[in-house]
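Colleague: As a plain string of letters, each chain reads:
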Amino acid sequence: MSSRRADASMSLLIDLTTHAIDEGYERAAARRKETSSDLAVAPSPRRSRRVTAMAVGVVLALAGALFATSWVATHRNADAAKRARKDLVNQIHTQTAQGDQLQQQLDDLRAKVAAARDAALAASGKGSTLQREIAELELVAGTQAVEGSGVEVTLDNAKDTSNPDTASLGVIYDRDIQAVVDALFASGAEAIAVNGERLTTRTAIREAGDAILVDYRPLAPPYHVDAIGPPDLKAAFLKTQTGTLYENWRQVYGLGFSVDSRVRLTLPSAAEPVVRYAAPLPAAPSAQPLESP
Amino acid sequence: MIAALALAIGVVLGVIFHPTVPVGLQPYLPIAVVAALDAVFGALRAMLDGIFDDKVFVVSFIANVLVAALIVFLGDQLGVGSQLSTGVVVVLGIRIFSNAAAIRRHLFRA
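Protein chains in written order, with the numbering used here: chain A, -5 to 287; chain B, 5 to 114.
Treat the hints as calculated values from the structure; they're not laboratory data.
Watch out, some of these pointers could steer you wrong.
Claimed, not checked - Within a straight-line C-alpha distance of at most 20 Å, the following computed SDA-like cross-link-like pairs (lysine to any residue) qualify:
| id | chain 1 | residue 1 | chain 2 | residue 2 |
| --- | --- | --- | --- | --- |
| 1 | A | Lys27 | B | Phe56 |
| 2 | B | Lys59 | A | Ser30 |
| 3 | A | Lys27 | B | Gly97 |
| 4 | B | Lys59 | A | Thr46 |
| 5 | B | Lys59 | A | Asp254 |
| 6 | B | Lys59 | A | Val45 |
| 7 | A | Lys233 | A | Asp254 |
| 8 | B | Lys59 | A | Ala24 |
| 9 | B | Lys59 | A | Ala129 |
| 10 | B | Lys59 | A | Arg26 |
| 11 | B | Lys59 | A | Lys233 |
| 12 | B | Lys59 | A | Met48 |
| 13 | B | Lys59 | A | Arg43 |
| 14 | B | Lys59 | A | Glu17 |
Bound-form chain A, shown alone:
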C-alpha cells in the first residue's frame, strides 16, 4: 500500500499526476494479494468472473457507442449549419431576383405613366406648357435620365492589406462616398449617380453591416461616382479639400481613388419620391409657373 502523504487531499495537482490511475485498481490488487496469500479463501468462482468480464465488454461497447455518437453528432451539426447557411444564401438570391423583377416592372409602369401623361398633355396648348415645366422640374429633381459631360470618380478598397497598421485605413465607408458626392456638388456637379443609383434630395448614402447602401440598395466595390457638370469639374473637384485628402490617402494607404473626365455620361433616373405627409403652407403665395425658356 502506498504511503499516504499528510497533505494528500490538499495538493490537488500532485495528487492528479501521481494518482492518474484510479486508486481502486491498486487497492483491488492489494486485496487480491492478501486473499491469494490467505489460502483459506478460494479464488472468486468462475461464474462471477465471467459476469464481470461481460460487464467489462458491455461497458467498453458503451464507451465505443458514446464516442461514435459524439463524433456523429458533431459532424451532423456541422452539416446542418452548412445546410442552413446554403438555404439562406439561396433565399437571398431568390428574393433579390424577385426584387429586381419588381423594380423592372415598376420602371416599365412609370415609363408608361409618363408616356400617357405626355400624350394627354400634348393635346392642348396649355398642356404642352405644363409638359415643358414638368420636364424641367424632373431634370432638377433627378427623376429624369440625363446625359452630358463630366467626371467619373472611382473609389475602391486598398488592394494591398498586408500591413496590419494601415489595412483598416484603406477601406471605403459610407462617409467616403458622402464626402466625394458633397465635394462634387460643391464643385458644380448637376447630376450624380453612384454605381447607377441616381441621387436626389432624398437619397440616403449609408452603411448597414459591411455594405454601403445608396437609396437602400447595397452596392459592391469598386464605387463609381458619375457626375455631370461644367468642363472644369475635374480640376475643381481635385482642388477641394476632399479631392486633395483622398489623393493623399491613395498615396499613403493605397486607397483606390481615380478621377477621370468623361465626354459623355448617361445617368439613369431616380425613383419618383412620393410625398404623403408634407403639404405646402396654406399662407404661401401660389407658386408662379416657371417661365418658359
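Given chain A, put chain B in place with the hints provided.
Modeller: Quick look at chain B alone, frame taken from chain A:
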C-alpha cells in the same frame, strides 16, 4: 483482445444507429466522452501495470461519466457551468495525459 473487439463493436453500433441524444443531455455529451476516455485510458494502463480489475473498471467508468456530467449539471444550475466543465476537462485531460505517458513507458520502455 476481447476488450478491443467490444470497443470496436460499440463504435460500429454507434455509427450505424447513431442514437439521437436528447437535447437536454447534449451539453453533457462532451464531458461524458472525456470522462469515458479517461476511464478507458486508466484501464489500459492498469492492464499494462498488471493490476486491472473488472469490477473496478466497470464501477469507475460508470461513476466517472455520471459524476462528470453531474458536476457540470450542478454548475449549470449555479451559473458556473462553462467554468466547471472547463475544470472537469482540465483535470481529466491531465489524467489522460499522464496515463498515456505511463502506457507509452510500458510499450516502448522509454
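Colleague: Determine for every hint whether it applies to the structure shown.
Modeller: Here is how each hint holds up against the structure:
Among the hinted pairs, A/Lys27 with B/Phe56 is consistent with the structure: their alpha-carbon atoms are about 13 Å apart, no more than 20 Å. Between B/Lys59 and A/Ser30 the CA atoms are separated by roughly 17 Å; this keeps the pair inside 20 Å, and the hint holds. With a C-alpha separation of about 31 Å, the suggested pairing of A/Lys27 with B/Gly97 is violated against the 20 Å cut-off. With a C-alpha separation of about 6 Å, the suggested pairing of B/Lys59 with A/Thr46 holds against the 20 Å cut-off.
Of the supplied pair hints, the one linking B/Lys59 and A/Asp254 is violated, its CA atoms being roughly 85 Å apart against a limit of 20 Å. Taking the CA atoms of B/Lys59 and A/Val45, the gap is near 10 Å; set against the 20 Å cutoff, the hint holds. Taking the CA atoms of A/Lys233 and A/Asp254, the gap is about 14 Å. The hint holds against a cut of 20 Å. Restraint check for B/Lys59 and A/Ala24: the C-alpha separation of about 14 Å stays at or below 20 Å, so the hint holds.
Distance restraint check for B/Lys59 and A/Ala129: the Cα-Cα separation of roughly 95 Å exceeds the 20 Å cut-off, and the hinted pair is therefore not satisfied. Between B/Lys59 and A/Arg26 the CA atoms are separated by roughly 13 Å; this keeps the pair inside 20 Å, and the hint holds. Distance check on the hinted pair: B/Lys59 and A/Lys233 sit about 88 Å apart at the alpha-carbon level, beyond 20 Å; violated. The straight-line distance between the Cα atoms of B/Lys59 and A/Met48 is roughly 11 Å, inside the 20 Å bound, and the hint therefore holds.
Restraint check for B/Lys59 and A/Arg43: the C-alpha separation of about 9 Å stays at or below 20 Å, so the hint holds. The straight-line distance between the Cα atoms of B/Lys59 and A/Glu17 is roughly 13 Å, inside the 20 Å bound, and the hint therefore holds.
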